[in-house]
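Just need the whole structure built from these sequences, with the hints factored in.
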Amino acid sequence: MAGLGKPITVEERIIQIVADILGLRREQVGRESVLTELGADPYDLVEIELEIEEYCGVSIDARRLRRAKKVGDLIQLVEAQIGPLATKE
Amino acid sequence: MRRRVVITGLGTINSLNSDLETFWSLLCEGKSGIGYIEKFDTSDFAIKFGGEIKDFEPTRWVDAREARRLDPFALYALAATQLAIEDAGLDFQEEDPYECGVLIGSGIGGLREIEEQHTRLLEKGPSRISPHMIPKLMVNAASGQVSIRYGLRGPCSAVATACASASNALGDAFKIIQRGDADVMIAGGTEAALLPMGLAGFTALRALSRRNDAPERASRPFDKDRDGFVLSEGSAVLILEELEHAKRRGARIYAEFVGYGMSSDGCHITAPEPEGLGAARAMASALRDAGLEPQDIDYINAHGTSTPLGDIAETKAIKRIFGEHAYKIPVSSTKSQMGHLLGASGALELLICCLAIRDGVIPPTINYETPDPECDLDYVPNVARKQQLRYVMSNSFGFGGHNTALVIARYDGPESRCRG
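So the sequences go chain by chain: P and V.
Quick note: the first sequence uses this note's numbering, first residue 19, plus one each step.
Quick note: the second sequence uses this note's numbering, first residue 1057, plus one each step.
Some clues are possibly wrong.
Said to hold, decoys possible - FRET-style restraints, in silico, Cβ to Cβ:
#1 P:Arg43 x V:Asp1468: 30 to 40 Å
#2 V:Arg1209 x P:Lys87: 28 to 38 Å
#3 V:Asp1152 x P:Arg43: 34 to 44 Å
#4 P:Glu50 x V:Lys1104: 48 to 58 Å
#5 V:Asp1237 x P:Glu50: 28 to 38 Å
#6 P:Gln99 x V:Gly1181: 18 to 28 Å
It is worth saying that the hints were derived from the structure and are not from the lab.
Note that the coordinates shown come from a computational prediction; the quantities given were computed from them, not determined experimentally.
No residue lacks a Cβ here, since even glycine has one placed at the ideal position from N, Cα and C.
As structure tokens, then:
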């Protein structure tokens, strides 16, 4: 639940989602990381999209998601909709 | 002359112990791999125990990303395969990939993935289903993933004949090598259905033992007080190899694969044909394939699930084929220690037969306390028996009426077995 302790930012949440789905440590993923260079394939991008919907409470247009090259692009897409704070822990 | 096929590697992930030699020692000591289920809450379940693998760490076998893309049934198969390959001392970098294949059976496939995604479907809707669902749950995922991991390009398939799946996979792999379509086959079975859906389904079939007060004593094949089988999970994989190929690389040979027979009851989808006619035909067919007479068989590892009807039907089938000799053959069911691994059981039991031949030890049927007049063979009760073994049979029967018998032989050297 948000509200218990420090609110989590969209950036933190999306980096965590990407790291979990690609089986990486959190510190291996940053805003500038290129998704395909991290090993993401089209199925991973669908999973990332589903997790973002789950944990940030937003849905991202699939065409815009497919254009995302970097982790930072994903963060921007979500922040544009809900601001810098993620809605769910 | 038919090509000869030998078994050169063994690997298993199971509830007793996944280190091969430790597993074998515990099995022969009569230890049970059955206990209370810990992976999910069984409060609402009539049955609260099974043969559960407690200490399996997916990332010991695959990386974290891969682990997310694999159902436990495929993970178990990948782990058992790695153990079998290491045991065989095989290096696929040195092998022709077009001569190496995979045949791993499973009765059910990725049931956990079905459970998880179905929950998601109901709670969150169809747009939230994972893109990995289909490739995770399909029954052939285990074979496909093994072939991908080792870059194998030869025959690759999967068998789904319920509790006979692994035996059919092994038998089919034996034939693939025998007829010259591959030199090496990774073959066996895998199952991970000890889950809420699997437990509820088999409970509904009234197939399981209800001995909640004594899980370790619940699986009691051929005992008069048996009341059903015990649901277990795991995998066993064997490396099958053409004899000359094995000799060229100096492989250690556990046994020679000599006979495969199958039949169907054509009778009922879950109940065994009561006189064991189908099971008997499978055994006769395996003996014929091996060029053996019934009296040649030194030990039968029975299907023996501990169900009231199944154990009687198998006993009748054995007597039908072996006649008076049936009373002289030790027949044990290692499901008494392991429970029923469904589509993996036949592979675990053939693995056990390999070790029985190697060491001249017959593992016991544990929990055998009260003889049943309708099950009157020598079931090697409770204590392992030292006995040199030349030819050994392993039976597996599955829902759907599938009957499978395999025969393996001690390998004594190149001239030990001349067959036309």
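Hint by hint, here is what the structure shows:
no. : hint                            : verdict
1   : P:Arg43 x V:Asp1468: 30 to 40 Å : violated (53 Å)
2   : V:Arg1209 x P:Lys87: 28 to 38 Å : holds (34 Å)
3   : V:Asp1152 x P:Arg43: 34 to 44 Å : holds (38 Å)
4   : P:Glu50 x V:Lys1104: 48 to 58 Å : holds (52 Å)
5   : V:Asp1237 x P:Glu50: 28 to 38 Å : violated (51 Å)
6   : P:Gln99 x V:Gly1181: 18 to 28 Å : holds (20 Å)
Violated hints for the displayed structure, listed by number in ascending order: 1, 5.
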